Amino acid sequence: MNFPEAINDAMKIAMSIDKKVICYGLGVDDPKRIFGTTKRLKERFGPERVFDVPTSENALVGIGTGLALGGYKPVFVSQRFDFILLAIDQIVNAAAKWFYMFGSKNNIPFVIRLIVGRGWGQGPTHSQSYHAWFANVPGLKVVMPSSPKNAKGLLLSSIFDKNPVIFVENRWLYNINEKVPTGDFRVPIGKASVIQEGKDITIISNSFMTVEAKRALKFLNDKKISCELIDLHTVRPVDWETIYRSVNKTGRLIAIDSSSHNLSIASEIITRVIDKCWTKLKNKPVKMGLPDHIQPTSFALTKNFYPDYISIIKEISSLLNISLEWKKLQEKQETPHDIPGTWFKGPF
Amino acid sequence: MNFPEAINDAMKIAMSIDKKVICYGLGVDDPKRIFGTTKRLKERFGPERVFDVPTSENALVGIGTGLALGGYKPVFVSQRFDFILLAIDQIVNAAAKWFYMFGSKNNIPFVIRLIVGRGWGQGPTHSQSYHAWFANVPGLKVVMPSSPKNAKGLLLSSIFDKNPVIFVENRWLYNINEKVPTGDFRVPIGKASVIQEGKDITIISNSFMTVEAKRALKFLNDKKISCELIDLHTVRPVDWETIYRSVNKTGRLIAIDSSSHNLSIASEIITRVIDKCWTKLKNKPVKMGLPDHIQPTSFALTKNFYPDYISIIKEISSLLNISLEWKKLQEKQETPHDIPGTWFKGPF
Amino acid sequence: MKNVIDYYKKIYYVMKRIRLVEEEISKNYKHQKMRCPTHLSIGQELVGGLISLFLKKNDFAISTHRAHAHYLGKGGDLKALISELYGKITGCSKGRGGSMHLIDKKVSFMGSTAIVGSNIPIGVGLALSIKFDKSNKISCIFLGDGSIEEGVFFESVNFTAVKPTPTLFICENNNYSVYTPIHLRQPSDRKIYEMVESLGVKSFLADSRDINDTIIKFKKAVKFVRENKQPVFFEITTYRWKEHCGPNEDDHLKYRSEKELSEWKKADPLKEIEKVLLKNHLLTNIQIKKITHKIKDEIAKAFDYAEKSEFPKFNSVNIDEYAN
Amino acid sequence: MKNVIDYYKKIYYVMKRIRLVEEEISKNYKHQKMRCPTHLSIGQELVGGLISLFLKKNDFAISTHRAHAHYLGKGGDLKALISELYGKITGCSKGRGGSMHLIDKKVSFMGSTAIVGSNIPIGVGLALSIKFDKSNKISCIFLGDGSIEEGVFFESVNFTAVKPTPTLFICENNNYSVYTPIHLRQPSDRKIYEMVESLGVKSFLADSRDINDTIIKFKKAVKFVRENKQPVFFEITTYRWKEHCGPNEDDHLKYRSEKELSEWKKADPLKEIEKVLLKNHLLTNIQIKKITHKIKDEIAKAFDYAEKSEFPKFNSVNIDEYAN
Ligand SMILES: Cc1ncc(C[n+]2csc(CCOP(=O)(O)OP(=O)(O)O)c2C)c(N)n1
Ligand SMILES: Cc1ncc(C[n+]2csc(CCOP(=O)(O)OP(=O)(O)O)c2C)c(N)n1
Ligand SMILES: [Mg+2]
Ligand SMILES: [Mg+2]
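Residue numbers (my numbering), protein chains in the order written: chain A, 5 to 352; chain B, 5 to 352; chain C, 11 to 334; chain D, 11 to 334.
Honestly, the hints are just simulated from the structure, not real lab data.
Fair warning: this is a prediction, and the values are worked out from it, not measured in the lab.
Any given hint could be a false lead.
[Claimed, not checked] BS3-like cross-link-like pairs, simulated, lysine-lysine; straight-line CA separation at most 30 Å:
(1) B:Lys288 <-> B:Lys332
(2) A:Lys280 <-> B:Lys109
(3) A:Lys286 <-> B:Lys253
(4) D:Lys281 <-> B:Lys109
(5) B:Lys183 <-> B:Lys228
(6) D:Lys230 <-> D:Lys26
(7) A:Lys36 <-> D:Lys230
(8) C:Lys201 <-> D:Lys212
(9) D:Lys89 <-> A:Lys307
(10) C:Lys141 <-> A:Lys109
(11) D:Lys281 <-> D:Lys37
(12) A:Lys318 <-> A:Lys288
(13) A:Lys318 <-> B:Lys228
(14) A:Lys203 <-> B:Lys228
(15) B:Lys228 <-> A:Lys253
(16) D:Lys239 <-> A:Lys331
(17) B:Lys109 <-> D:Lys212
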């Protein structure tokens, strides 16, 4: 099952289990069905529960909050993370605060799906991911799946969570296939996943960066470097215990974020690890992420913009002070850097 | 000169020097004149250059960008930082990106003044300061004065800067008085200020937290603890050199932000200090800030919400592992914690 | 006509109660125990009265920074209101929200918010939930003339014009947003209700000084929304007597003319209703005294209750920020 | 009438050039050298033609994701456009912006943005700068029927209704926002231009299939803005032939009927203008061939130029992100 199918599966299950689940957003019932993620929902659950909308992001988020107050469990979809910047007020000043600000009397079960663009010249305003902002907003949960399987499980948990959840989907995850459990399968929010145990170094990553980290693991395992890879799953709340336990064991940390490294989840992780694992650290922790720079459109300018498995290997090589011949890997790369695979022909 | 007078002075000077400087925002020409900061501007520079507006934050920021493209130097004022969440799209997707995204052909000289509320039950939606978000946006500069003097100098630099500047004013700075240089006095953007040199510990702070840090210094100097206090002035760009130089000297760091400690400027400072000063550190760096929590309204709930000079002394006491008897200081406090002074009678 | 007068007695009581509550808040504010920004509705009580007449307990309501009158008109708990202003644990929002964040679920008062315009789409969402439920409730959104200028107002109106929901927009046009008169914010020759009509939502205009007309129109508006499950925009001209925020007068600021204020005070709907009731022998001066006394007694008890209530305790973990 | 026909020749050339440019982009896109989201204007060229007739070089223009026609109509540099699509340093935005971010300061084309509605207030700001300058320029804002739904559109219109500026809103109503037809986004019985009129801005409606009427009205609209220094909203019904984003047809998706598309194609304004010119002997078939040849030659050169241009280099420090 690929990523959109997993999302679609989760939506179908949620909507079957609970009549209060609603799905709306620009294009949810158009021919493309949000890259297939909302396929057949309208046919199966009716046009009242699955509906297209005007281009009015701020009101649409407010309407979701109102639906939630009225007893529904809305799922709003935005085709790009960048567009939701129009609705920050409704998310931060209303949805996130409602439960606490009104004496914990009414909660807001509300999922906002945000798709992060990447590649093929998405450029300055179609490839941003400000998940770190939302991770700084008390009252929100921020979920970042890294595979079809956890996407399904996390989306089901998000829909049935009693709080507003920002659900961040990287577009490049969409083509990954894996076996996904059938039925109402849930992955808990707030719990990181230890993808591989290891003792030399801890790698913490999220979203598509976990895919790159997994690729790096294949190579590193061959070289007998024992890495512990932790995928965060959720960046608010962060599963600090799992992180501290791992770093206390390995004494080394690379924290990778799938957006700019500046003021990122990776920065916060390092800051807290410093506080909690100070005496156990063998090396200074390292952060990775995109440059603190506006993303350009040109093919030439996005080369090396994203960390990949090679740059991860490179970091590890310098952290452990060993030579891992990552330069050879670079020469082997065939797919252009700005597409997820050669089958991709643009423009979206 | 108090803080609003200093802002007012800077505005008058800028508007006299350059006819292209425009001042607009809800209330800039009303009887209260934004706490006096826009006093007599309309009378002196005319209703075309100083004008009131509809409550339409997003459009107003876009209009500022357009004015800047048309050759003007607009200064937009929002009475609360919280309200600007409605205009994040225009700030982030347009103003911040314009120069780079269009091949560095048109620049946007544009100042957005944001006043951060504090105290007297400002509560969940009237006391937020997401300056860390803006500090994560390439293309923006983010300025945070900490006194009337640097407010004046920084505002003048901001107005004549060629880029969009977010100018963050903490409401509690408004009552501070100090001697302010006359005339066109500028304080450079991107340069931190070393308020006091010292050798035991580096304190880095911004905005009103610098006022608290200064108070702490008085006490600490008496106890012969040699602190170096650095006020950031700007949080994008950050003056990293000054920070690294100081921490390399003292080997100890307390980074204080004037908003939530989570994903804060303080977090980023610690992360980078770890990278650059690793071998010089004598203790683990410490961060301070507001709790990662929605700000409540009730008097009882905001007690201890903000770091103050006592909590700074407390941190230092534990960092240096000495007893500084900060508990006694707490007993001496007379002004209620939610007002800047006993003269304050609410409601704003 | 006789019909309408039947409503006067109930509306009088509700409005009088709102007035006395607001006056008591105003009087006591100086003791510095209500430590939060507070926007009074003195002069604008009619809307509180109207909703007490025509809304049902389970109709949704959602309001703004200036919400006391709506909260009370909808049947919100007085003790919980005053306690909220005092920041006590017995407050309707447990002291966390203050004057600008009121809630009373028992009467479907779903909340009031302090960002201008932010309650509007939420009210439309509530109306959409009613539509999905196929119930015959309605959703009332209170808003001021200033909130009209926020894009989200337009987006919300457009949404319910395309996708009809039982939404009643109640716009109190008091001519000011803080100190800024409406002609600096909206074109002078444009009427709000006419503009909204052209956006595709049926609209009404009423003047709070013409009480009969206002009552009749409001009744009609509510009926239309409930029966047709379609939105209505109801604009009512009104006037705020006190300062924008806080307990005092602000005449010395001269942003509005003395004449304007005094004319509006002269036309006070509350006094007008009282006059009509007296004239029609539906009320006597003795009864007024009794009512006043009864309400004042209730208010005194509410303040006493608030004073005596406990303060909440701050919990440094994010407890109560997330529902489980 | 004769008057209007005088404009046909110039408009024909401009529209033909836009059509051929877009077709060439469409044809070459598959070579995967224009690696960015690209929204073509085939079918909607008339607006490009109109502005070439009536805007002055120093009038400001600001556009959307679908900006090629506006950029060319305003006189933007073709080589710089194609190079921008190729992501080359010779692109109008140095390859940083791609198809959705065009600029040509020489002809006061101030930019185009990819967030729906985001260019609108910026255009009003530009108009305000004209007002302050007391110059007689105007500011043109291109927008689609979808952008009407963004709150910022309403806020911007309200602003210039209160504070008149020389703004010309040009709304290309092509009935779709991506695949969503307008009746799912806006009330069916509401006309955009009428609604905007009721917001306080003078409005026009034109149909791109009625060329004479469109030209006359557009001329009038520009004149009104320039002379009165007041805003005008100009709605023009039009139709996009290709897919929303990308070089291909999208008929197989069936979100619009074959009939609808073929009717619009039949009424192609470009062909219509050609017909009229031929009929009136203002143009011959030989001339058409010549024009086509000339334009194709120019286009070939532009593509060649783009192909041969250098790629920009990424600078890891924030150089070029801040002006000094
Ligand atoms: C988005 C936003 N902008 C500005 C403010 C500041 N503000 C608080 S109340 C108010 C006046 C709103 O006027 P109106 O809607 O007419 O309500 P009224 O106060 O007259 O009842 C303003 C501008 C705010 N709270 N939120
Ligand atoms: C704020 C925002 N929401 C959604 C989108 C996705 N989007 C890109 S183009 C487009 C269609 C806009 O329709 P319209 O304004 O009619 O322009 P057209 O494409 O028809 O020329 C949409 C919704 C976006 N770019 N920005
Ligand atoms: Mg008002
Ligand atoms: Mg369209």
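Hints versus structure:
1. B:Lys288 <-> B:Lys332: 27 Å, holds
2. A:Lys280 <-> B:Lys109: 48 Å, violated
3. A:Lys286 <-> B:Lys253: At roughly 23 Å apart (the allowed maximum being 30 Å), lysine 253 of chain B and lysine 286 of chain A satisfy the hint.
4. D:Lys281 <-> B:Lys109: Given that 30 Å is the threshold and the Cα spacing comes to 37 Å, the pair is violated.
5. B:Lys183 <-> B:Lys228: Given that 30 Å is the threshold and the Cα spacing comes to 28 Å, the pair holds.
6. D:Lys230 <-> D:Lys26: Distance of about 24 Å is within 30 Å: holds.
7. A:Lys36 <-> D:Lys230: 41 Å, violated
8. C:Lys201 <-> D:Lys212: Between lysine 201 of chain C and lysine 212 of chain D the Cα gap is close to 16 Å, so the pair holds against 30 Å.
9. D:Lys89 <-> A:Lys307: 24 Å, holds
10. C:Lys141 <-> A:Lys109: 23 Å, holds
11. D:Lys281 <-> D:Lys37: Measuring from Cα to Cα gives roughly 20 Å; hence the hint holds.
12. A:Lys318 <-> A:Lys288: 16 Å, holds
13. A:Lys318 <-> B:Lys228: 47 Å, violated
14. A:Lys203 <-> B:Lys228: Roughly 45 Å separates the two Cα atoms, so the pair is violated.
15. B:Lys228 <-> A:Lys253: Judged against 30 Å, a Cα distance of about 40 Å means the pair is violated.
16. D:Lys239 <-> A:Lys331: 62 Å, violated
17. B:Lys109 <-> D:Lys212: Given that 30 Å is the threshold and the Cα spacing comes to 34 Å, the pair is violated.
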